[in-house]
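J.: Okay, here's what each chain looks like letter by letter:
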Amino acid sequence: MSTNPSASRANGAKLELREVAKAIAGRRILEPLSLVLEPGRYLLLGPNGAGKSTLLKLLAGLWRPSSGHVLYRGRDIYELDGDYRREVALLTHELGMYEELTGLQNLVLFGALYGLPRPRARAQELLERVGLRFFAHERVRAYSQGMKQRLALAKALLHRPRVLLLDEPFAGLDLRGAELLQQILEEAVSPGSLLILTTHDPERGFRIAERFLYLERGVLRAYGDRARFDAEGIRERLRGIRDVGVF
Amino acid sequence: MSTPKAISTARAEERTQRTRSSGAWAIALVALLVVTSLYMIFLYAPRERVMGDVQRVFYIHLPLAWNGLLAFAVTFVLSILYLKTRRAGFDRWAAASAEVGLLFTTLMLLTGSLWARAAWGTYWTWEPRLTTAFLLWLMYAFYLLLRRYIENKDKMRLMAAVYGIVAFINVPIVFMSIRWWRTLHPVVLKSSGFQMEPEMVQTLLVALVSFTVFYGLLLWERARLAQVEERVERLRERIREV
Amino acid sequence: MTATRAATKPRAPGLLRGSWLVLRKDLVYELENRETLAVLVVFSLAVAFVFAFAFDLSGAEARRFLPGLLWMTFLFASVLGFSKGAALERRGAGYLGLLLAPIPKEAIFLGKAGSAFAFLVFTQLFVTPLFLVFFGVKVGSGEFGLLALIFLLGSVGLAAVGTLLAQICQVARSGDVLLSLGYFPLVVPVLIAATQLSSAVLTTQSLGEGPWLQLLLAFDLIYSTAGWLLFRYLVEE
Amino acid sequence: MAYLFAAFAVVWLAFFAYNAYLVRRLAKLEREADLLRSYLEERGS
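Chains as they are written, first to last, in the working numbering: chain A, 2 to 248; chain B, 52 to 293; chain C, 151 to 387; chain D, 36 to 80.
Don't read these hints as lab results, they were simulated from the structure. All C-beta atoms in this analysis are idealised placements derived from N, C-alpha and C, irrespective of residue type, glycine included. Do not rely on the hints blindly, as some may be mistaken.
What the hints assert, rightly or not - Listed next, the in silico BS3-like pairs over lysine-lysine satisfying Cα-Cα at most 30 angstroms (straight line):
| hint | chain 1 | residue 1 | chain 2 | residue 2 |
| --- | --- | --- | --- | --- |
| 1 | C | 234 | B | 204 |
| 2 | C | 234 | A | 58 |
| 3 | B | 204 | C | 255 |
| 4 | A | 149 | C | 288 |
| 5 | C | 288 | B | 135 |
| 6 | A | 15 | B | 204 |
| 7 | B | 135 | B | 206 |
| 8 | D | 63 | B | 204 |
| 9 | B | 204 | B | 135 |
| 10 | C | 288 | B | 206 |
| 11 | B | 135 | A | 149 |
| 12 | B | 204 | A | 58 |
| 13 | A | 58 | C | 288 |
| 14 | B | 206 | C | 234 |
| 15 | C | 234 | C | 255 |
What the hints assert, rightly or not - Reference listing, derived: stretches of chain A covered by chain C, where coverage requires no fewer than 3 residues with Cβ under 8 angstroms from a Cβ of chain C:
| hint | stretch |
| --- | --- |
| 16 | 63–75 |
| 17 | 108–114 |
| 18 | 184–191 |
So that you can see chain A by itself, here it is in the shape it has in the complex (with noise of 0.2 angstroms):
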């Protein structure tokens, strides 16, 4: 009834953040923070320990928060369960697959588990897309870090989720492998779906985003597009921490 193309803006992956924080051991990693994120592509930006990673996994459903809501189109993703998890991907620095699995069996077995119609043919479709057809039959245990990176974004592509949510895609890349993830994201990302993405890059990052946030110390500070981005020197304050940071 409302699948119908023309209303995907208005019916895209709107998520609605109310007064979500989120506190680990009782140290308070996110204060309450409330926010609407329409469909589109944003960079989520800021320096180590500020609470990006937290955010994601939050988002992803992946971690509870300690109060507030998340809404997926209006309703709470824990109401709505598998329903939104299929939605969403998250892509973290952690594979969140089978080291002793082939490269494969672990996309069939996760789009299995996704409830793909046919799963080997989608898996067959991506290895060949990030460029591991070779090595489909290799164990992931061999990879090398790029080639787990890829496979994990495969992983994460499966599904074609309109919630895409990538946590340091670039972080172990290298610039062949940069080129090819921001190819193959101008590809995933379909309009009425929401990408966010953290990275140390900023530059990198406005490529493809076209909006950002700014996170310090579990707050958010400044948000908006490419221009406020520039006009709060929020650059500087990055660099001065990058150099310090572990990239």
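Please arrange chains B, C and D on chain A, whose structure you already have, making use of the hints.
T.: Just chains B, C and D now, with coordinates in the frame of chain A:
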């Protein structure tokens, strides 16, 4: 400048005073109960005809057993409440109750064993109640051990709550299975075959009440200790952040 | 119409399909790597060897002691199986993938318990004939059927408790040690009921008297339900 | 009679020891809490 500090010192003093005065009340109550129950156990209750004076161990043994079980039941209920509400207070009291319950169970095993030596001539027998108590002891020792071995406090509370529930569910199953196991074998020893006279029942009731009060006091103290522990932890955390 | 919609948004797997996928994953994994099975086989052989030396049994005596020895072996082997199963999810953070997938959390419990059950049954299939041969005990086909029933019922209870407890212990330091500490007191009823039933079968060719079968069934039911209801708290962050 | 005496002694000693342990730890922690608090207040002012 110095006002906040003065206020906080005053508050601390007030707190210690309140603790001290309620502590004095508690000590008076405990003393009263101890004296009364000792009087009743040793002088008021008549000498048991078959077993003799050793039977008097029963007046502390049974309350210990009863309160051990009560303590674990409290842990069970609080664990469920913790899972429902995620309030750290429930978890704190659940853990406190398990620790006090473990102490009671330990003492129950010791007194039971001494009684067994006097009455049956052996320190240990695989009698259903003793065996159940022994398994109970193992389970709750594990509960406390588990809490120390998980770093992440939130995780630790969740895991402990689930185990607190699972362990208590197991109590009736273990008891029934061991009872059936033993009764299907030839019965060698028969316990508690003596007649209860009215004075004995009264003594037992007083002892039961006294031990339940002790349980409550120890529980309260233990939970308070845990609360202060957490407070110190938080303060340290704040200092680290500064 | 419906076809195109089904193609664009596939239905997420339900409880049964989800559990089956998790279970099948463990089986495929095992076929590829044969980690757990290898451990179980070597362990059982070593235990059989030790028992044969420690208890020099034969004839009626062997019949009397065999159930206890068998169940002790199953118990220890199952602990190995559970910690292997938990370790498999830890490496590469496979759990993360399962938690993100749109399957019910209960399906993860059922799947993991199912695979633990499968490994237990395999161990029993391997160990029982071995012990029968080593201790020179002959079993008729009627007895065999009854033993199989007991073993299956016992394994359900062990798998449910073990899966729950392995999940609890895997977030702890030295979780494997803790697992065995917490596991044995909990499964005492299974141990008692199953050995009683097995002895009855070996000595009287029947399930004997006493409420043991009911106890085993009740245990299975209670712990499957408990695992079902509590597991989602264990995987939550 | 000796067993009776032993049983009572064990129980009361254990209660007493546990209680003493709790009280001592509580006092120590309260002192530490006050110390940390005053340190924080000095830093804050």
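J.: Starting from the hint list further up, note which numbers the structure goes against and sort them upward.
T.: 4, 5, 6, 10, 11, 13 and 18
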